[in-house]
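Heads up: the protein sequence lines correspond to chains G and H, in order.
Offset between the first sequence (1-based) and this note's numbering: plus 264.
Offset between the second sequence (1-based) and this note's numbering: plus 241.
You may find that some hints are simply not true.
Restricting the straight-line Cα-Cα distance to at most 27 Å, the calculated cross-link-like pairs of lysine-lysine (DSS-like) are [said to hold, decoys possible]:
#, chain 1, residue 1, chain 2, residue 2
1, G, K409, H, K787
2, H, K848, H, K808
3, H, K756, G, K536
4, H, K808, G, K325
5, H, K787, H, K756
6, H, K787, G, K365
Note that these hints are calculated values from the structure, not bench results.
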Amino acid sequence: MDKAIIKLDEGTTCTAWNYSGHRLAAGSTDGTLSVFDSTDPASSVFSCSSKFKVHESSIVKVVWAPPEYGDVVACICADGSLLLWEEVVEDSELLQWKLCKCFDRISSQVLDVQFGVSQTSLKLVAAYSDGQVKVFELLDPFELKNWQLQAEFQNVIESVSKFGNVSCRSASIAWNPLKGEIQQSSFVLGFDSDTPHLNSSKVWEFDQDHQRWLPVAELALPADKADPVSTVAWSPNIGRPYELIAVATCKEIALWHVGSNPDSDGRLSVEKVAMLSTHDSEIWQMEWDMSGMTLATTGSDGVVRLWQCNLNGVWHEQATLQPTS
Amino acid sequence: MPGLTSESDDLAMVPVSLETENQPVVNYPLRHGLKSPVHRLSFSWACGNTLRVSVFRKPQSEKADGDGEAGGRVVEVKLSNSGDEEVDAARWRRMAYSSVTPFALLQSRKHSLSAASRMSLDIPPYKAEWWEHVIEYSKEISSLLSDRKPPPKSIIEDAKSVVNEIAAPMCLKAAWELLEIFYIDKQSQSWIPERLLDWLADYNSLFSGTLPTIHSKLVDFQQELVGVQVVEDNPNYWDAMSSALAVGWLETVVKLLRLHGSYRFDQLSSRETENGLVEAVAVLISKMPRMRPSLREDNLGECYKTKPDFMKAWEKWRTQISKLDCSSYWLQCDHRQTREGLKNLIQIMLGNPTVLSNATFNWMELFISHFLYVRPFTAGLESMHNSAQKCMQVKPASIPHKLFGLVLGILGENTEVVLAECSRSFGPWMMVHAVELLTAGSTHAEILLHEEHSKLGGVSIEELHRLVYAQVLSSHALTWQIAPIYLTSCIKQGIRLLENLLYKQPVQHSQILLKSIEICRLYELDSINSNIMRIAGVHHWKHGRKGSGVFWLQQARDEFRLNRIAKQLFDFVGKSVSDEGFKQWEGLIELLGSESRTAGGLEFLNKYRDFRRSLLQVHGDTPTDAARNAAEALVSLMKNPSTPQRFWLPLLYDSLKLLMWQERPLVNVSQTQLLLNKLQELSMARLRPDFVEADLPSDALSSVRLALATNLGRAILEE
Numbered sequence: 265m266d267k268a269i270i271k272l273d274e275g276t277t278c279t280a281w282n283y284s285g286h287r288l289a290a291g292s293t294d295g296t297l298s299v300f301d302s303t304d305p306a307s308s309v310f311s312c313s314s315k316f317k318v319h320e321s322s323i324v325k326v327v328w329a330p331p332e333y334g335d336v337v338a339c340i341c342a343d344g345s346l347l348l349w350e351e352v353v354e355d356s357e358l359l360q361w362k363l364c365k366c367f368d369r370i371s372s373q374v375l376d377v378q379f380g381v382s383q384t385s386l387k388l389v390a391a392y393s394d395g396q397v398k399v400f401e402l403l404d405p406f407e408l409k410n411w412q413l414q415a416e417f418q419n420v421i422e423s424v425s426k427f428g429n430v431s432c433r434s435a436s437i438a439w440n441p442l443k444g445e446i447q448q449s450s451f452v453l454g455f456d457s458d459t460p461h462l463n464s465s466k467v468w469e470f471d472q473d474h475q476r477w478l479p480v481a482e483l484a485l486p487a488d489k490a491d492p493v494s495t496v497a498w499s500p501n502i503g504r505p506y507e508l509i510a511v512a513t514c515k516e517i518a519l520w521h522v523g524s525n526p527d528s529d530g531r532l533s534v535e536k537v538a539m540l541s542t543h544d545s546e547i548w549q550m551e552w553d554m555s556g557m558t559l560a561t562t563g564s565d566g567v568v569r570l571w572q573c574n575l576n577g578v579w580h581e582q583a584t585l586q587p588t589s
Numbered sequence: 242m243p244g245l246t247s248e249s250d251d252l253a254m255v256p257v258s259l260e261t262e263n264q265p266v267v268n269y270p271l272r273h274g275l276k277s278p279v280h281r282l283s284f285s286w287a288c289g290n291t292l293r294v295s296v297f298r299k300p301q302s303e304k305a306d307g308d309g310e311a312g313g314r315v316v317e318v319k320l321s322n323s324g325d326e327e328v329d330a331a332r333w334r335r336m337a338y339s340s341v342t343p344f345a346l347l348q349s350r351k352h353s354l355s356a357a358s359r360m361s362l363d364i365p366p367y368k369a370e371w372w373e374h375v376i377e378y379s380k381e382i383s384s385l386l387s388d389r390k391p392p393p394k395s396i397i398e399d400a401k402s403v404v405n406e407i408a409a410p411m412c413l414k415a416a417w418e419l420l421e422i423f424y425i426d427k428q429s430q431s432w433i434p435e436r437l438l439d440w441l442a443d444y445n446s447l448f449s450g451t452l453p454t455i456h457s458k459l460v461d462f463q464q465e466l467v468g469v470q471v472v473e474d475n476p477n478y479w480d481a482m483s484s485a486l487a488v489g490w491l492e493t494v495v496k497l498l499r500l501h502g503s504y505r506f507d508q509l510s511s512r513e514t515e516n517g518l519v520e521a522v523a524v525l526i527s528k529m530p531r532m533r534p535s536l537r538e539d540n541l542g543e544c545y546k547t548k549p550d551f552m553k554a555w556e557k558w559r560t561q562i563s564k565l566d567c568s569s570y571w572l573q574c575d576h577r578q579t580r581e582g583l584k585n586l587i588q589i590m591l592g593n594p595t596v597l598s599n600a601t602f603n604w605m606e607l608f609i610s611h612f613l614y615v616r617p618f619t620a621g622l623e624s625m626h627n628s629a630q631k632c633m634q635v636k637p638a639s640i641p642h643k644l645f646g647l648v649l650g651i652l653g654e655n656t657e658v659v660l661a662e663c664s665r666s667f668g669p670w671m672m673v674h675a676v677e678l679l680t681a682g683s684t685h686a687e688i689l690l691h692e693e694h695s696k697l698g699g700v701s702i703e704e705l706h707r708l709v710y711a712q713v714l715s716s717h718a719l720t721w722q723i724a725p726i727y728l729t730s731c732i733k734q735g736i737r738l739l740e741n742l743l744y745k746q747p748v749q750h751s752q753i754l755l756k757s758i759e760i761c762r763l764y765e766l767d768s769i770n771s772n773i774m775r776i777a778g779v780h781h782w783k784h785g786r787k788g789s790g791v792f793w794l795q796q797a798r799d800e801f802r803l804n805r806i807a808k809q810l811f812d813f814v815g816k817s818v819s820d821e822g823f824k825q826w827e828g829l830i831e832l833l834g835s836e837s838r839t840a841g842g843l844e845f846l847n848k849y850r851d852f853r854r855s856l857l858q859v860h861g862d863t864p865t866d867a868a869r870n871a872a873e874a875l876v877s878l879m880k881n882p883s884t885p886q887r888f889w890l891p892l893l894y895d896s897l898k899l900l901m902w903q904e905r906p907l908v909n910v911s912q913t914q915l916l917l918n919k920l921q922e923l924s925m926a927r928l929r930p931d932f933v934e935a936d937l938p939s940d941a942l943s944s945v946r947l948a949l950a951t952n953l954g955r956a957i958l959e960e
């Protein structure tokens with residue numbers, strides 16, 4: 265039932281699987297990225313196909329771009345820089361990984377980055393340590409070096425004046441995993457910062473008519489709005505009339521139902537449907553399975569927990585995966 | 242694992258039970274094999290129910306560096322257990338594949354019948370037809386679960402073989418048969434106790450692993466029998482017979498009785514009465530009345546189809562037993578063990594509760610013995626359930642077997658329990674396929690399974706199980722292709738899950754790409770189909786297989802990307818007009834050209850290709866007609882509004898030899914004027930800041946202008 269499939273190099277800090285689960289990118293402390301591949305789609309035998317230096321400092325997070333744009337990874341490094349690497353054949357050379365974009369880093373560090381696909385373009389949301397959120401847009405699908413800054417804003421729901429001198433420890437972004445013809449660009453974003461207004465998770469949606477990003481929902485009860493958010497996860501929706509989003513704070517993992525029809529203010533209805541125990545640990549990662557019925561979480565307690573909902577709508581812990589040597 | 246008798250540790254996780262709050266969390270070890278302490282974990286869902294967990298080691302201090310241990314491991318965890326060892330996994334897949342056709346056939350029949358009967362299958366003619374379909378389905382599934390091989394037939398029948406060892410019958414089949422008996426097989430409703438008896442005879446060995454059973458007792462005795470000289474002196478001989486008789490294994494008892502020493506020729510005369518008693522009991526046993534239409538091969542007893550006949554025969558039989566019990570011949574029987582053993586068998590047939598309880602090992606066996614000897618006229622689930630409850634009080638099971646749970650759920654007419662037992666003990670395969678039996682056989686089950694649950698996003702339990710099973714199938718590269726059959730039978734959420742599944746396929750592998758496309762076409766998933774082909778196209782294009790890339794992008798009708806590719810080609814054409822360069826992109830234009838409507842720019846590229854071809858054929862000694870064709874192509878290109886402005890000058894410069902054709906001017910007056918106008922327009926455009934200068938010699942413009950002016954002069958003279 266469990267089987268070790270890949271041996272990671274010394275100093276590996278993070279891993280990321282591509283869309284189909286047939287390639288793994290592993291970042292390490294010395295700034296090297298290793299890519300593991302299986303030749304046969306039916307086999308779970310993986311071998312390292314490429315290994316290359318991405319950056320001088322340690323890689324802290326790797327994110328694959330959607331496959332409609334090729335084999336592209338975004339690497340966030342410990343010094344806060346953000347780089348895009350692409351596997352491509354150029355000018356009759358051999359297939360190799362090439363740096364296609366190094367995003368300018370002025371004073372703040374990149375904390376999290378996620379790609380979102382819309383009808384004609386690829387979008388990239390990056391959250392920075394100074395509390396800024398930037399949305400970049402790729403206009404030519406074959407030119408991964410040309411990104412246009414589409415928007416820049418702070419994670420606040422009321423349009424108050426801009427917060428200065430913000431310091432953020434971490435941020436988490438999750439796009440609406442909707443696929444298909446009608447794609448409404450939206451994502452959820454939460455911060456762990458020293459500025460209470462920025463922390464709570466907000467759902468941002470692109471307003472096509474006015475070409476701007478609008479906050480359409482806030483996923484926090486009034487008393488919890490200042491709670492730092494460690495990670496968020498948007499569940500795939502295979503037919504529910506509402507969206508389901510998991511938000512982990514220092515206190516709990518909250519599950520939210522988000523309605524699909526905005527009210528007169530343009531806000532979506534939200535309902536907190538479950539509070540799952542974090543077992544007094546910090547949650548580092550959450551991910552929904554492909555049906556959106558099971559949530560997996562892991563954190564500082566060093567185990568993977570699986571959560572499910574029963575017929576009465578009660579969420580509960582179904583299983584725990586505990587590492588043993 | 243489905244199909245195996247061990248307690249399932251399946252984490253396929255169906256949120257069906259209502260009491261899950263109180264259920265313990267399944268704790269599962271994640272064996273990573275690292276020696277050093279684990280620093281942190283990260284994970285990712287793969288297709289279906291597969292989870293990949295990356296286990297990172299604590300970063301080593303510099304001193305301890307170089308111990309050669311890996312920095313971490315990635316462990317793949319299959320939460321839905323569809324086979325661990327290769328044999329079992331292969332068997333599981335075989336079962337999964339062979340159940341697809343019966344399932345799909347039943348669904349399509351359900352659809353056509355629903356359509357014909359306007360949504361209700363309860364109207365008589367349709368109901369009867371539907372029943373036939375369900376019965377056929379049940380038989381087919383049941384037959385594919387059976388992988389029992391016939392026992393090897395020896396030439397000389399082993400007189401001492403009392404138990405036929407069969408290849409381990411699957412728990413799944415046992416469970417399926419139970420559902421079939423109670424929900425589907427309406428013809429056997431009047432003789433359910435006898436069917437249960439047959440069922441226990443077939444599957445008693447399944448319980449031997451966890452419980453003491455009559456089967457295991459008989460197996461033990463059979464081994465002992467080989468070395469025994471005088472069986473009737475052995476108490477185990479009599480115990481084995483009373484146990485076998487208690488659960489109605491009449492042929493076994495009769496066979497054992499005939500091993501009695503009094504049958505031996507050398508003893509017949511001295512033990513005449515004893516032998517007579519043994520034979521009398523054997524005859525009574527073999528003439529036991531049975532309330533069933535027919536007997537299975539080798540089985541003993543006398544069948545009665547109707548209840549009055551059966552009752553009459555039963556009373557007669559019992560009278561004969563009582564008569565034998567009171568016979569004076571017992572006094573003449575000197576062999577104590579025989580006398581007591583036979584009396585014990587008689588007590589069993591007379592339904593003595595204490596004797597029956599002693600002869601059986603678990604409540605299910607006791608339950609069957611009560612049917613046979615205590616309450617032979619039991620009918621109806623309620624009385625059967627009461628009887629089962631009583632037997633359980635007499636023989637409580639320390640470790641309840643999963644099949645017993647199912648039996649109790651069925652007898653108690655508790656659909657929730659039946660569902661929970663099926664789901665917990667037999668896994669998603671069983672759930673998906675057994676639901677058809679339950680909904681057909683019970684109105685309550687049908688309502689329960691088809692009710693939409695808003696808490697689960699509006700799906701019914703039936704659909705939920707199909708979704709869960711489809712995820713199990715999706716977890717494996719060899720079974721994901723059959724998941725669509727189950728997903729498309731889900732009205733609410735199946736299609737979107739199917740789209741997610743298709744989106745996750747590694748379409749750079751052409752076989753998977755083709756299979757995915759086939760599935761998309763079958764279910765008219767146009768959007769995901771284009772997306773799959775787009776992914777494949779981009780992959781090929783970026784991996785240097787430009788032709789395949791263009792082909793798949795065209796299949797995907799991705800005009801946006803094709804236009805970008807056309808633009809790249811423009812740039813390439815703009816850069817190099819040498820003959821080698823032409824050869825490189827000629828093929829691509831050919832490919833792109835087959836659907837020139839998709840991109841306006843492609844029209845130009847096609848015309849340009851034609852022009853280049855004719856121009857390449859033009860040399861100093863070419864006949865004027867060929868050169869004239871090239872000149873026509875040039876003019877048509879320059880006239881065409883889709884020709885980008887930045888190509889005007891390179892085109893004209895390339896065509897200098899046409900403009901200065903020795904023999905006679907190839908371009909007439911009006912055409913030359915058009916070309917001159919274009920040149921003029923170009924000179925104006927050069928003043929704009931965004932103008933891109935072509936990579937041509939600095940005198941290109943002036944030499945073209947001169948050539949055109951000369952040509953104009955010659956053309957005027959000619960006309």
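Results of checking the hints against the structure:
A C-alpha spacing of about 20 Å is found between K409 (chain G) and K787 (chain H), which places the hinted pair at or below 27 Å, so the restraint holds. Proximity of K848 (chain H) to K808 (chain H) is assessed by CA-CA distance (about 15 Å); at most 27 Å being required, the pair is judged to hold. For the hint pairing K756 (chain H) with K536 (chain G), the CA-to-CA distance comes to about 41 Å; that exceeds 27 Å, so the pair is violated. Of the supplied pair hints, the one linking K808 (chain H) and K325 (chain G) is violated, its CA atoms being roughly 35 Å apart against a limit of 27 Å.
Note on K787 (chain H) and K756 (chain H): the hinted pairing holds, with a Cα-Cα distance of about 22 Å set against a maximum of 27 Å. For the hint pairing K787 (chain H) with K365 (chain G), the CA-to-CA distance comes to about 23 Å; that is within 27 Å, so the pair holds.
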